[in-house]
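Student: Line order of the protein sequences matches chains D and L.
This note's numbering puts the first sequence at residues 21 to 444.
This note's numbering puts the second sequence at residues 86 to 459.
Just so you know, the hints here were simulated from the structure itself, not pulled from any lab data.
Be aware that one or more of the hints could be misleading.
[Claimed, not checked] What the simulated footprint calls covered on chain L by chain D, stretch by stretch (three residues with Cβ under 8 angstroms from a Cβ of chain D suffice, anywhere in the stretch; the number is not a length): (1) 142 to 156; (2) 188 to 194; (3) 237 to 244; (4) 284 to 298; (5) 378 to 385; (6) 406 to 414.
[Stated by the list, open to error] Derived lysine to any residue pairs resembling SDA-like cross-links, with alpha carbons at most 20 angstroms apart: (7) D:192 / L:229; (8) D:192 / L:217; (9) D:196 / L:430.
No residue lacks a Cβ here, since even glycine has one placed at the ideal position from N, Cα and C.
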Amino acid sequence: MIMAEHTVQKPKRVLPKSRIMVAEQTSQVYKDARDAKARGEKIGWSTAIFPQEICETLDIPVLYPENNAASVSAKHLGDELIQHAEGPMRFPMNICSYARLNLGLADKIQDPTYNTADPLMSSPDFLLLANNSCTQLMKWYENLSRNLNVPIFFVDCLFNYYEEKPAEYKVKYIRKQIEGYIAAIENFSGKKFNWDKFLEVQKRSQINSKLFDEIIRLNARTPAPLSGFDFFNYMSCLVLCRGKESTTEIFKQLKEEVEEHIANSTSSFPAEEEFRVHWEGIACWPNLGHNLKILKNYGVNAVINGYVTAWNVVYEPGNLDSMAYAYATSSTNSLSTPSIMNMRADTIQNYNCDGMLCHVNRSCKLMTFHIFVGRNIVEEKTGVPCVNFDGDQSDTRVYSEAQFETRVQGLVEIMKQNKEARNG
Amino acid sequence: MANLISLLNKLDAIVAKPKAMLDKYLGEGKRVVGCFPIYTPAELVHAAGMVPMGLWGGQITPSLAGQYAPIFTCSIMRSCLDLGMLGKYEGLSAAIMPMLCDTFRGMSAAWRVGVKNIPLISFIHPQNRADAASKEFLIAEYGEVKKKLEAIAGCEITAGALAAIFKIYNAHNVVMREFAEVANDHLDVITPSVRHIVMKSSHFMEKTEHTAIVEKIIDALNKLPVHHWKGKRVILTGITAEPGDLLEIFTENKIAVVGDDLAQESRQFRTDIPEGGNPMERLAQQWLDRKACSVVHEISSSRGELIVDLVKKNNADGVAVCLMKFCDVEEYEYPMIAKKSEDAGIPTLCLDIDQSTRIDEQSRTKIQSFADMI
């Protein structure tokens, strides 16, 4: 009997073609960086919402520590790196776990025999920093710069502490920095910047952003054609390859797959969709499996979340002011709490959500402030219940499986009552 | 000596109860504007004929702030929010908040929801200071703060008023730096707690008044014979070295503070407003001139170098890093500070700082062990 249990295996879920394409694209990005290093060329590391169109234009390979930290954590390979940062490197455990993981990795990869992390990053020759996601990025990159002795190219994107659009003088400051960065990276790389190619990359970036937005909107249908968690798998296309044609191909394929689900009345959500929720915050990458299992057990599809839409940097190609404005406003964390939470309330209504499940992410103070300060806005505007749970994007010590399930149970209970009341 | 003690007692009372100063200024018919740490252009408030008053929280157990501020918010901001929500800051005409870290970004909304009766003036410093556009930006950003203050004060902040105020602030900086030097010749009188009180009190008083008192303290100290301190000497670095009990443990262990790189103390006084030119440009240039601080973007290890220099210059035996719990900007700098100090052969002690709690035995043990080691 015991033997039988061991030998019976669940059939492995067949990955849709778009997912295979994403995996190939990501591998290629890392390979391009490795190959460039082998040729003695310079490669960079960049924050997730930096004007990547510029290095794309110059054909300079760039890797993304935040995305890498998410991947490494999802594969349960982050603990060793976090411990290295907290131990020999002496970083306190309260700083962002992406930062700890990456600072640990940056140190480890200086040993050429190190090969444990997957995907394995090549060591950078320069850093690209935009602080539109948080100020911790700035401190994280300062440490990388000091430890690795590499320069930073910085676009300070400010923070929109009020609800009105950024004033002209703010956009001007950011635009001037982008112009300065183009000249500086040209000088650093010894490559000539081709403005015509830049325009093409910008246009491609906009095509990709628009396509992704269209796909996400398709999940507003009831039942949703996709499990909302599926979107996490496609974020890398916009973070790593926003201006590449390969992203267009992936998104076209994904769109076809979603439309096929719609035509066949099927869904990638592996259970009957009884409730639809908005997931607020970054994923708990090491605990994605548990999150999905519990949500599936309770018939809860997290159909949409703000994190996956943060990479849609929408601007008018050829207009640097418009680009500067987009980089100042696209990140969830670049906007004030009322701005963000009013957007969330609109999304909840547009996606017909029954509730909001909020990840109180120990690594992300600002997102947590948004939840604490802004949940009233959501509850008052939409009437849906909001429930918090504690977790972390990479640090496995924070999340509690029991607490997550209890909180989901509580949310389901309220959503059920609300539904029954609505249906008389 | 009696006069010196009386002056120090006066400052001690102010630090113990800043609210009394708020009430005093309000009683005199003055408007008071709260200034959040670390760098807020208090000069603009002063030039508008109002009193700038630092908001540095207090040793309280927050009861209301948890509604909006996560548990992993630094204790200064949690207590500031709590005091605001409890109505303890009532009477302030506004509060100015710089977006220097993620907690401030979150607090800018929390304050507006939780403390509705005190309008918030938020602003942001440019961090890409190497880019020439940063200065133009900051002049415009300070301009927005200025407009809001003018609306509250009901008067224009003139270039002449600003230039006069800058003189007062720079003179205050000079006096505070002088105090830090003179204090080291009188470590029997200027204990770590007393030194802290002289520094911290500057946030709750009009600068002219504070300058006058500190000048008198310096005069009184200069009249005393130089004291040859036989105990240990340390440099403090961090945001604050609070609560006050913490510094008493240094005294108990015969450790004097002979210099600091605390945001609440010497970082406030080490960068003057440069001379010459348009006042708003000068104010912006002061930010561009700041260095060796965790809320200022720098690639170099200038803070570590500054601490090592402070140790050498003041003949200190070690560095006590007062690491504010949940202050990520400081936490990111700890490895660099520790390494720079240790590379220079300087012993380093790291203390967890939580303004809201009473001093824990762990800190006592750490300080005792450090005293034995250095």
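Student: All hints, please: hold or fail.
Tutor: Here's how the hints hold up against the structure:
no. : hint          : in the structure
1   : 142 to 156    : holds (count 4)
2   : 188 to 194    : holds (count 6)
3   : 237 to 244    : violated (count 0)
4   : 284 to 298    : violated (count 0)
5   : 378 to 385    : holds (count 5)
6   : 406 to 414    : holds (count 5)
7   : D:192 / L:229 : 16 angstroms, holds
8   : D:192 / L:217 : 12 angstroms, holds
9   : D:196 / L:430 : 44 angstroms, violated
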